[in-house]
Each structure stands twice: as C-alpha cells, then as structure tokens.
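Asker: Heads up: the protein sequence lines correspond to chains R and Z, in order. The opening residue of the first sequence carries number 25 in my numbering; numbering runs sequentially from there. The opening residue of the second sequence carries number 8 in my numbering; numbering runs sequentially from there.
No lab work stands behind these hints, which were simulated from the structure alone. The beta carbon of each residue, even a glycine, is placed where N, CA and C say it ideally should be. Errors might be hidden in some of the hints.
If you anchor each label on the Cβ, the simulated ranges turn out as follows [stated by the list, open to error]:
| hint | chain 1 | residue 1 | chain 2 | residue 2 | range |
| --- | --- | --- | --- | --- | --- |
| 1 | Z | Pro196 | R | Ala144 | 28 to 38 Å |
| 2 | R | Gln235 | Z | Glu252 | 22 to 32 Å |
| 3 | R | Asn64 | Z | Lys203 | 53 to 63 Å |
| 4 | R | Ile191 | Z | Glu58 | 41 to 51 Å |
| 5 | R | Pro163 | Z | Gly157 | 39 to 49 Å |
| 6 | Z | Thr210 | R | Ser208 | 24 to 34 Å |
| 7 | R | Glu307 | Z | Ala253 | 20 to 30 Å |
| 8 | Z | Gly254 | R | Lys324 | 24 to 34 Å |
| 9 | R | Ile191 | Z | Lys113 | 27 to 37 Å |
Derived pair list, reagent style DSSO-like, types lysine-lysine, alpha-carbon separation capped at 27 Å [what the hints assert, rightly or not]:
| hint | chain 1 | residue 1 | chain 2 | residue 2 |
| --- | --- | --- | --- | --- |
| 10 | Z | Lys223 | R | Lys324 |
| 11 | Z | Lys223 | R | Lys167 |
| 12 | Z | Lys240 | R | Lys239 |
| 13 | Z | Lys248 | R | Lys334 |
| 14 | Z | Lys223 | R | Lys304 |
| 15 | Z | Lys240 | Z | Lys250 |
| 16 | Z | Lys250 | R | Lys178 |
| 17 | R | Lys239 | Z | Lys200 |
Each chain is listed here by its residues.
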Amino acid sequence: MAVLLIAEHDNTSLKDSTAKALSAAAALGGPVDILVAGHNAKGVAAAAAKLAGASKVLLADDAQYAHQLAETMASLIVELAGKYDSIVSPASVSGKNFMPRVAAALDVAQVSEVVSVDAADTFTRPIYAGNAMQQVQVPAGSKKVLTVRATAFKAAEASGAAPIETIGAAANPGVSQFVREELSKSERPELAGARVVVSGGRGMQSGENFQMLEKVADRLKAAVGASRAAVDAGFVPNDYQVGQTGKVVAPELYIAVGISGAIQHLAGMKDSKVIVAINKDEEAPIFQVADYGLVADLFKAVPELDDELKSKGY
Amino acid sequence: MKVLVPIKRVVDYNVKIRVKADQSGVDLANVKMSMNPFDEIGVEEAIRLKEKGVATEVVAVSIGPKETQETIRTALAMGADRGILVTAPADVEPLSVAKILAGIAKAEGPQLIILGKQAIDDDCNQTGQMLAQLLGWAQGTFASKVVIEGGKAEVTREVDGGLQTVSLALPAIVTTDLRLNEPRYASLPNIMKAKKKPIDEKTPQDYGVDAAPRLKVLKVSEPAKRKGGVKVKTVQELVEKLKNEAGVI
Ligand SMILES: Cc1cc2nc3c(=O)[nH]c(=O)nc-3n(C[C@H](O)[C@H](O)[C@H](O)COP(=O)(O)OP(=O)(O)OC[C@H]3O[C@@H](n4cnc5c(N)ncnc54)[C@H](O)[C@@H]3O)c2cc1C
Ligand SMILES: Nc1ncnc2c1ncn2[C@@H]1O[C@H](COP(=O)(O)O)[C@@H](O)[C@H]1O
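Bound conformation, chain R alone:
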C-alpha cells in the first residue's frame, strides 16, 4: 500500500502544498515516500525529510528537472511507479501538468482535485465549479493516481526526520525544452497559502486602483487576488486569478472588492473561513456567500478601511 508523493517546490523552497498533500497521502494508509525532482534542490529534500509521516525522501537532482517539464517528470515517476500503489501530487499547475501523463502511462483513470479521502479507494472531488460533489471509487487492484486540493487538508508538521536517498535521472524523452519564464515578484505572501486574501474585480476600473487594495493587503499581511474580469482587463497579472479555472484559496479571511460573485469565481474562494464583500450593488450574488457585506462605493470604502486599520494599529 505504499504511496509516492510528488513534492512541489521551486528548487529553493518546499511549498506548503506538499505538507498538505502529505496528510491526504497518509490517509491512504501506507508508508509515504516523497519524491523531490529538481536541480540543486538538496535544501528542498532536507525540508521534505522533516515532514512528519514521510518514511523516505527520494531526491532526483538533475538539470532536466530544473523546470519540472511534464515530459521528463512523467518519465521519472513512471519509472518509480512499480513499487507504489498510489501516486499523489498537489493539484497545482505543475501537478496538473504531469500527473495525467503518469496516469495514461500506467493505464489508469486519474482522480483530480481530491478534497476528501473517504476510504483508501474512495474519494470526493468537486465538479461543475464546485456546484456538485462527486464521490468516486477506484477499482480494486488498480493503481491510484490522485491530485489533491491542498486547501482541503491540514499541513503535516515539520517534526520528522526521514532518510534521504539520492536517485538517478530517468531517460529524457527530449521532445520539449524550457525557453524562459517571467515570474511576478512580490514581497507579499503567496496567494495559495495566505492567511488573508484581498481580491479586486472589474469594479476596480484600473491597475493603478489596485494600489488601494495593496495598501490594505500590506496592513493585514495579505496576498492580493483578482477575478477573471480584472485579469482579462489587464489590471493585474494572470496568476492573480481566483476561481474555477484559476487558483483555489481558502484563507481565514477573504475580502472581495468590486467582484460580483459569478459561480466561476465562487468556486475558487467559497471555502474561505470568513468572507467579506464590498460592492455597491446590494443584489450582487457575492453577498449570498459573504459573512459580512458592505454595500458601498469601493472608492470611498477602501480608503476608509485603510484609515480605520491604520488607526487601530495594523
């Protein structure tokens, strides 16, 4: 019943999603090995080895894994798969990219975006933008290939000390090459793991106006997110998008400003603990999911919110 968990990382730091996916992997019932495939990623392997519940860390350190291209990742994972009966990864952009290749190579169905492990072979996952929950059972004797929605699981603690085993690289299919990347730099916490998220929508009207939200975000040590409309209009970069087809977040506090609350947006944030909506239209559907709704013009309310937080010492 051994499980192979694929670590998410950027070669320097291990992402929190790995610790959360580990909890899901552990719920399957067998020993969990963590695969760190990267380049100059020793530090990541060391961090993974500390996660409570990991029995072993496999480190494949090679230039071909520097950007975790799907073709090379799948080739490596498939080579290791023989010893495991479940392969698990966070349902991040990276996991979504390579895991279905692994499933196809193993000739099994993949279960995407697992939000609960109901039994070792039974999983629940959202469909139709989270408007329905589907419970599926993997056939007996079949390997399981799962991607896990990290926000649905508690992070494993960093109290362990698993051994690290270095493994060689697998054959490189050689059909794809990394060219370049443009990553947005930010001092703010990452959207996916932030405790507080402040998001803006079309109502923000421009990219400059997002500075108002950034000021509030900085006071609350929050990440900044957006609706698709705000991204499409070019106010903010694509990786700010929260929703069915963007990022899924579940912070302690989600503040939606000038966002109407389309189902595709709600799919990405309705599991937040507390939701605040600021919108001038009292009929906006976002108010149906908001714990605290403020019907107001955001150009007045957001600067006021900034002042009020400042006066309270935030």
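Assemble chain Z with the ligands onto chain R, guided by the hints.
Answerer: Chain Z with the ligands only, in chain R's frame:
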C-alpha cells in the same frame, strides 16, 4: 499542416446545475448545452493558424451522444473544415477520450492538436496531457500564446507565479487557457455554409477503445452551503466585527 481540435459538449457555463434528489448525478434534462468555453478558444486558435497560412486544414472532433452534431456544426460555422463525431455516452472518462483521440491522430496525422485545458463539467484537466503521453508527444498546457515556427511550437503557459515559455518538437499537444484569444461568433452565411461541411461518424470500437468507465461514481451530492451573513453599515463596524466577533484580524 493539419490541426485537430477536440471539442466537448457541456452544460452551458451560465447554467446553475442541480443535483438529482437520489444523488445519482446532475440533472441534465432540458438544460442548455454549449461547446466547452476552452474548446471554443481552441477552435479559434486553429482557425487563426489557418488564416495565417500555417495550418492547411482544421478538423473538429467530438466524442459524445448524437446531439453532439450541433456542437461540431458550431465549430464548422466558426471556420473548421470538417468534423468527426465518435458516438458514445456523454460521460466517457478522459483516459478513454484520450485513447480515441490517439486513434484519430494516428489515422489523420495532424502536426498539432489543440484541446481545452479543462472541461467545465467534470473539471478533470487531464485529457490533453493523457493524449500527449499516449502519442509520446510534447505538451504545452494552459497556453496563453502559441507560435509555430521552424518545425517547432513555442508555447507560453500560464503557471503559478507568472508565465513560462517552452519549445516543443512537432507534432505536439496544446491546451488552451482563457487568455489565448477571444473566440469569434459565427456569421449567418458561415452557419449556412457549415451545413454542407462533412461530418464523419465513428464509434469507439473503430479505434479499438473500450469506453466503459473505470471509476465508479458512488454518489453526487450538494456541496456544503454557506450560511448567509449580515450586512454592516460602516467600515468601522466591519473592522470591529472582524476583530472581535470573527477574530480573523
Ligand atoms: C470557462 C470560464 C471560466 C471562468 N473562470 C473564472 C475564474 O477562474 N475566476 C473568475 O473570477 N471568473 C471566471 N470566469 C468569469 C466569470 O464568469 C465572471 O465573468 C467574472 O468572475 C466576473 O468578474 P467580476 O466580478 O470582477 O466582474 P463583474 O461581474 O463585472 O462585477 C463587477 C462588480 O463590481 C461592482 N462595482 C462596480 N463598481 C463599483 C464601485 N465603484 N464600488 C463597489 N462595487 C463596484 C459591480 O456592482 C459588480 O458587482 C470564467 C468564465 C468562464 C466562461
Ligand atoms: N468527449 C470529448 N470529446 C472531445 N473532446 C473532449 C472530450 N472530453 C474532453 N475533451 C477535450 O479535452 C479537454 C479537457 O477535458 P477534461 O480532461 O475532461 O477536463 C476538453 O477541453 C476538450 O478539448
């Protein structure tokens, strides 16, 4: 070069679906169906490649019940040259879809297959990647830009934290993200013309694929509902409640 565009018929994105009372699935009776939005973007991209003289033929492919004809006609009206309908139940799993598409790819010999990144009904986000693996091809998923040049595809991808560009040997798989393009509406003359374009009918057996599902759906249920909250009158009241009532700041 030939471009294949797999398109799926799904519940229209504006419809708020309902879960059946017996938890056997989602109620699809009399619900508006449309082409998966990501697949419209795929069709548009293929047509643009043809308009640029890069593609020579665009073939729209769908696996689904008889009514899926309509979805293929929509793609033909947008500008695809011909269609292939593989008749099968509506809920064929991504692995079987990928196997059927692999069979079609072998028969048709395309240089590029453009799929949507995700079907908005099953939200699986699997088929393109599975197809790439089955064919042994490279993949550029979640694409926001595609450039075909010198026998390669350069694909810019929407990733966590920004954009990544990869170079793929052809033939290759691309899956579309929302910002790749804005799909056109079909004009009336093109809708008329599309009626004469050919649609081949096939079955999964023609490609030696058993389309029976692997996963057993035990139940489909309503998600946990959020309780409606309260309206606050002022920003001061909001901050006070967040601090003292909710305790989240
Ligand atoms: C396939 C597909 C996938 C999608 N995926 C996503 C996704 O992942 N994430 C996502 O967010 N969307 C997604 N969408 C888009 C979604 O359907 C909505 O179009 C989008 O979420 C709307 O964004 P919005 O709320 O910012 O804009 P609008 O719906 O235009 O709402 C703007 C709101 O701002 C309010 N407002 C305007 N001015 C002010 C002011 N001065 N003060 C206060 N309030 C003001 C208005 O009252 C209104 O409620 C997807 C759509 C499709 C078809
Ligand atoms: N039944 C189908 N017929 C044709 N294409 C499909 C079908 N199912 C999935 N696809 C393609 O695969 C993409 C991803 O679907 P999925 O993996 O189900 O999220 C879709 O956007 C389509 O391009």
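Asker: Starting from Lys223/Z, check that the Cα of Lys324/R is at most 27 Å away, please.
Answerer: 52 Å, violated
Asker: Taken at face value, is the distance from the CA of Lys304/R to the CA of Lys223/Z at most 27 Å?
Answerer: Violated, at roughly 46 Å.
Asker: For Thr210/Z and Ser208/R, compare the CB-CB distance with the range 24 to 34 Å and indicate the outcome.
Answerer: 48 Å, violated
Asker: Lying within 24 to 34 Å: is that true of the beta-carbon distance Gly254/Z to Lys324/R?
Answerer: With a Cβ separation near 27 Å, Gly254/Z and Lys324/R satisfy 24 to 34 Å, so the hint holds.
Asker: With respect to the beta-carbon atoms only, verify the hint that Asn64/R and Lys203/Z lie 53 to 63 Å apart.
Answerer: Given range 53 to 63 Å: holds, Cβ gap about 59 Å.
Asker: Within a Cα-Cα threshold of 27 Å, do Lys250/Z and Lys178/R meet the stated pairing?
Answerer: Judged against 27 Å, a Cα distance of about 24 Å means the pair holds.
Asker: Ile191/R and Lys113/Z, beta-carbon distance inside 27 to 37 Å?
Answerer: Holds - the Cβ-Cβ distance for Ile191/R and Lys113/Z, about 34 Å, lies within 27 to 37 Å.
Asker: Falls inside 39 to 49 Å, the C-beta gap from Pro163/R to Gly157/Z?
Answerer: Holds - the Cβ-Cβ distance for Pro163/R and Gly157/Z, about 45 Å, lies within 39 to 49 Å.
Asker: Are the Cα positions of Lys248/Z and Lys334/R separated by 27 Å at most?
Answerer: 16 Å, holds
Asker: Pro196/Z and Ala144/R, beta-carbon distance inside 28 to 38 Å?
Answerer: For Ala144/R against Pro196/Z, whose Cβ atoms are near 58 Å apart, the range 28 to 38 Å is violated.
Asker: Given a hint of 41 to 51 Å, does the C-beta separation of Ile191/R and Glu58/Z actually sit inside it?
Answerer: 48 Å, holds
Asker: Is it true that the CA of Lys223/Z sits at most 27 Å from the CA of Lys167/R?
Answerer: 15 Å, holds
Hint compliance for this structure: hints 1, 6, 10, 14 and 17 are not met, and every other hint is.
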